[in-house]
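Asker: Dock chain one against chain two, each of which comes alone in its own frame, and use the hints as you go.
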Amino acid sequence: GAGVSQSPSNKVTEKGKDVELRCDPISGHTALYWYRQRLGQGLEFLIYFQGNSAPDKSGLPSDRFSAERTGESVSTLTIQRTQQEDSAVYLCASSLSGQRNSPLHFGNGTRLTVT
Amino acid sequence: TQLLEQSPQFLSIQEGENLTVYCNSSSVFSSLQWYRQEPGEGPVLLVTVVTGGEVKKLKRLTFQFGDARKDSSLHITAAQPGDTGLYLCAGAAGGYQKVTFGTGTKLQVIP
Chain A
1 GAGVSQSPSN KVTEKGKDVE LRCDPISGHT ALYWYRQRLG QGLEFLIYFQ
51 GNSAPDKSGL PSDRFSAERT GESVSTLTIQ RTQQEDSAVY LCASSLSGQR
101 NSPLHFGNGT RLTVT
Chain B
1 TQLLEQSPQF LSIQEGENLT VYCNSSSVFS SLQWYRQEPG EGPVLLVTVV
51 TGGEVKKLKR LTFQFGDARK DSSLHITAAQ PGDTGLYLCA GAAGGYQKVT
101 FGTGTKLQVI P
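Protein sequences appear in the order of chains A and B. Following the numbering used here, the numbering of the first sequence begins with 1 at its first residue and continues without gaps. Following the numbering used here, the numbering of the second sequence begins with 1 at its first residue and continues without gaps.
Heads up, some of the hints might be wrong.
Claimed, not checked - Simulated DEER-style distance windows between Cβ atoms:
(1) A/S27 with B/V50: 40 to 46 Å
(2) A/T115 with B/Q14: 28 to 34 Å
(3) A/L96 with B/G53: 25 to 31 Å
(4) A/Q50 with B/H75: 31 to 37 Å
(5) A/N101 with B/A68: 18 to 24 Å
(6) A/R38 with B/V28: 41 to 47 Å
(7) A/E20 with B/G52: 40 to 46 Å
(8) A/E14 with B/I110: 15 to 21 Å
(9) B/I110 with A/L96: 35 to 41 Å
As the list claims (entries may be wrong) - According to the in silico footprint, chain B covers these stretches of chain A (three or more CB under 8 Å from chain B):
(10) 43-51
(11) 107-113
What the hints assert, rightly or not - If we take Cβ atoms under 7 Å as the criterion, some of the chain B residues that face chain A in the derived model are:
(12) S31
(13) E41
(14) G42
(15) P43
(16) L45
(17) T48
(18) F101
(19) G102
(20) T103
(21) G104
No lab work stands behind these hints: they were computed from the structure. The beta-carbon is built from N, C-alpha and C at its ideal position, and this holds for glycine as well.
If we strip away everything but chain B, and leave its shape as in the complex, we get (with noise of 0.2 Å):
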């Protein structure tokens, strides 16, 4: 079974401040997404990653994937609060790719 654990489970920060989140596994995947989830709906994609040590930005959002393709981050700079969000890691792997998803960060940005 493919677990991808995230850390932290919550986070409350202010508006401006800085924030990573963490997404692990052991397994090693072909390509992993970030998503981010609001309220009474589903989630949707941010960005994908496929290579090791792959950095994608998305304005304030700098992604990254670790070289041995287990693990990646998110990190987003000057948080605001439209920010606020689940945000979900997905990889996939698989002879069909199937996305498996981690645990979910919850960020609230405080205005």
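Just chain A, with the same shape it has in the complex (with noise of 0.2 Å):
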């Protein structure tokens, strides 16, 4: 598939443990956003990355989130000492150069619970 791709699609955790979410981009795409959607609500932004810098991570909402990309293709979102508020669906999204206009291409998310 050309799509972007995301793992695991769901994932439940007890709290107080990390958790690692995983992005594959469409190949090519230079920019990649991750973002967080809590049940039925909009998009919360996270984080930016254009190849592999992040000039962007003010959304981040704590020192407990941190993400990564390597080889301007796969990133990582890791969540450490979860909490249940953490619990929601995180989207990952691509696009093929972050500039005006350029559509972003979303995968179908991670659905992280926390008990």
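Answerer: Structure below.
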């Protein structure tokens, strides 16, 4: 498939555990975004990558959240010491260049449940 | 912080009715996109508008970008059950075109 792929699709974890979410963007897309979506709501920006650099991390909620991107491809979002309020769908999107009019192509998200 | 407020939040209508969804902000955007999201999936792009006052039509959907590029509307004519979903507006601004999403409008079209 040529779309954005996210794994796992569902993750249930206990409070206090660390989790790692993965995003495989469309090949050749230099821009990559992570968003968080609470049930039935809009998307909350977390972080933006251009290549392997993250010029905008302003949406990360706390220092428990971090993300990296390697090879201008795969990105991982790590949440340390998970809390119940971290429960949400985490969506990854990529775009060709991050320029105006570049549409975002989304994966189907990872649904995270913290018990 | 750039905020995009959508109204209404929820809309339940009968098949065949018309509806309009609004997306408002105090910030100026260089472009605005509309997405539709279905349960269990990521949002899918419907349209991008870039010029103040621009109107774009996609079958029964009409999108308008405000003259000041701070607001937008989505009008659906003769809604069908297949139009059911979460509609999201998203504005792009800034040096790298940071994309900020609206609060969403959940539409249900009843057969």
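Asker: A separate judgement is required for each hint: does it hold in the structure or not?
Answerer: Each hint, compared with the structure:
1. A/S27 with B/V50: 40 to 46 Å: The hinted range 40 to 46 Å is violated for A/S27 and B/V50, with Cβ atoms some 26 Å apart.
2. A/T115 with B/Q14: 28 to 34 Å: Violated, since A/T115 and B/Q14 (Cβ atoms, about 40 Å apart) do not stay within the stated range.
3. A/L96 with B/G53: 25 to 31 Å: 27 Å, holds
4. A/Q50 with B/H75: 31 to 37 Å: 35 Å, holds
5. A/N101 with B/A68: 18 to 24 Å: This hint holds: roughly 19 Å between Cβ atoms.
6. A/R38 with B/V28: 41 to 47 Å: 27 Å, violated
7. A/E20 with B/G52: 40 to 46 Å: Given a distance of about 43 Å, which is inside 40 to 46 Å, the answer is holds.
8. A/E14 with B/I110: 15 to 21 Å: The hint (15 to 21 Å, Cβ to Cβ) is violated, given that A/E14 and B/I110 are roughly 41 Å apart.
9. B/I110 with A/L96: 35 to 41 Å: Taking Cβ atoms as reference, B/I110 and A/L96 lie about 38 Å apart, which means the hint holds.
10. 43-51: holds (count 5)
11. 107-113: holds (count 3)
12. S31: At about 5 Å, which falls below the 7 Å cut-off, the nearest Cβ of chain A leaves the hint on B/S31 intact, so it holds.
13. E41: Since chain A brings a Cβ to about 5 Å from B/E41, closer than 7 Å, the hint holds.
14. G42: Constraint on B/G42 satisfied, holds at 3 Å.
15. P43: 5 Å, holds
16. L45: Nearest chain A Cβ about 4 Å off; hint holds.
17. T48: Since chain A brings a Cβ to about 5 Å from B/T48, closer than 7 Å, the hint holds.
18. F101: Interface hint status for B/F101: holds (4 Å vs cutoff 7 Å).
19. G102: Where the cut-off is 7 Å and the nearest Cβ of chain A is about 5 Å from B/G102, the hint holds.
20. T103: It holds, given that the least Cβ distance between B/T103 and chain A is near 4 Å, below 7 Å.
21. G104: 4 Å, holds
Consistency with the previously given hints fails for numbers 1, 2, 6, 8, ordered from lowest to highest.
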